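Engineer: Make the full structure from the sequences, and use the hints.
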Amino acid sequence: MKVVFIIGNASVGKMTVGQELMKITDLRLFHNHMTIEPVIEIFGSYNGRITSRLRDVVFEEFAASNNYGLIFTYMWAFDQKSDWDYIEHVKDIFRPYKTEFYYVELVASREVRLERNTTENRLRNKASKRDIDISNQRLIGADGKYRLVSNDGEIPFDNYIKIDNSYISPDIVAQKIKTLFQL
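Numbering (the numbering used here), first residue to last: 9 to 191.
These are computed hints drawn from the structure, not numbers from a lab.
On a predicted model such as this, the values are computed, not experimentally measured, just so you know.
Just to be clear, a hint being listed does not mean it is correct.
With a straight-line cut-off of 25 Å between C-alpha atoms, the simulated BS3-like cross-links for lysine-lysine are [said to hold, decoys possible]:
#	residue 1	residue 2
1	K10	K99
2	K153	K89
3	K31	K186
4	K89	K186
5	K10	K106
6	K170	K186
7	K153	K134
8	K99	K186
9	K10	K184
10	K134	K31
11	K10	K31
12	K31	K170
13	K170	K184
Label-pair ranges, simulated between beta-carbon atoms [what the hints assert, rightly or not]:
#	residue 1	residue 2	range
14	I163	N74	27 to 33 Å
15	I163	S117	16 to 22 Å
16	E123	D179	17 to 23 Å
17	L62	G152	24 to 30 Å
18	G152	S60	20 to 26 Å
Just so it is clear, CB atoms sit at the ideal spot from N, CA and C, and this is done for glycine as well.
Structural biologist: Put into structure tokens, the structure is as follows:
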């Protein structure tokens, strides 16, 4: 089994690149809002504990399946130990299945990300982003509160790449990932 973590700041293109990567590989996409949105819809607000529990069920069942692999998107705050621990938690679920892990960090300027925050694909898949003013405020707030771009050499894992996808189309980024990691 293969697990590809696509990590990066808000609205950097994680889901969109994941969608393109899924089209050209046998990987399945599990973007982070696939659990966030139903929790918000049912409970009326974001609840991290419930979201994590739902993700664990998906990870456990997927790990035990015969699927080729999974793409998981995640906004990783590199200055938060809890986020490092969460990645290890996810990997622990998959490790008994001899899983290979890959890490793709996407980066783009705030200006580019604010433009992407209003794309049709994003708004269709992420109801919580449809109030653009609030969504933009959250994006800017997260930029100020967390360090969401890794420092050079900080990611200690094999099979890691950082891609500035500011002006590269998602399908080209996906092809680059597929080729590099032989997916």
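Engineer: None of the hints should be skipped; say for each whether it holds.
Structural biologist: Each hint, compared with the structure:
A distance of roughly 11 Å separates the Cα atoms of K10 and K99; the hinted pair therefore holds under the 25 Å criterion. Distance restraint check for K153 and K89: the Cα-Cα separation of roughly 14 Å lies within the 25 Å cut-off, and the hinted pair is therefore satisfied. Annotation: proposed proximity of K31 to K186 holds, straight-line Cα distance about 11 Å (limit 25 Å). Under the criterion of a C-alpha separation no larger than 25 Å, the hint pairing K89 with K186 is inconsistent with the structure, at around 29 Å.
A threshold of 25 Å between alpha carbons decides the hint, and for K10 with K106 the separation of about 9 Å falls inside it, so the pair holds. With a CA separation close to 14 Å, the supplied pair K170 and K186 stays within the 25 Å bound. With a C-alpha separation of about 22 Å, the suggested pairing of K153 with K134 holds against the 25 Å cut-off. The suggested pairing of K99 with K186 holds, with an alpha-carbon distance near 20 Å, which does not exceed 25 Å.
A C-alpha spacing of about 17 Å is found between K10 and K184, which places the hinted pair at or below 25 Å, so the restraint holds. Only pairs whose Cα atoms come within 25 Å are accepted, and K134 paired with K31 is accepted, the gap being roughly 20 Å. For the proposed pair K10 and K31, the alpha carbon gap of about 16 Å is at most 25 Å, so the pair holds. A C-alpha spacing of about 21 Å is found between K31 and K170, which places the hinted pair at or below 25 Å, so the restraint holds.
Distance restraint check for K170 and K184: the Cα-Cα separation of roughly 11 Å lies within the 25 Å cut-off, and the hinted pair is therefore satisfied. Checked against the hint of 27 to 33 Å, the pair I163 and N74 passes, with Cβ atoms roughly 30 Å apart. Our hint of 16 to 22 Å for I163 and S117 holds, since their Cβ atoms are close to 20 Å apart. A beta carbon spacing of about 18 Å between E123 and D179 agrees with the range 17 to 23 Å that was offered as a hint.
For L62 paired with G152, a C-beta distance near 28 Å keeps the hint of 24 to 30 Å intact. Hint check: G152 to S60, Cβ distance near 24 Å, so the stated range 20 to 26 Å holds.
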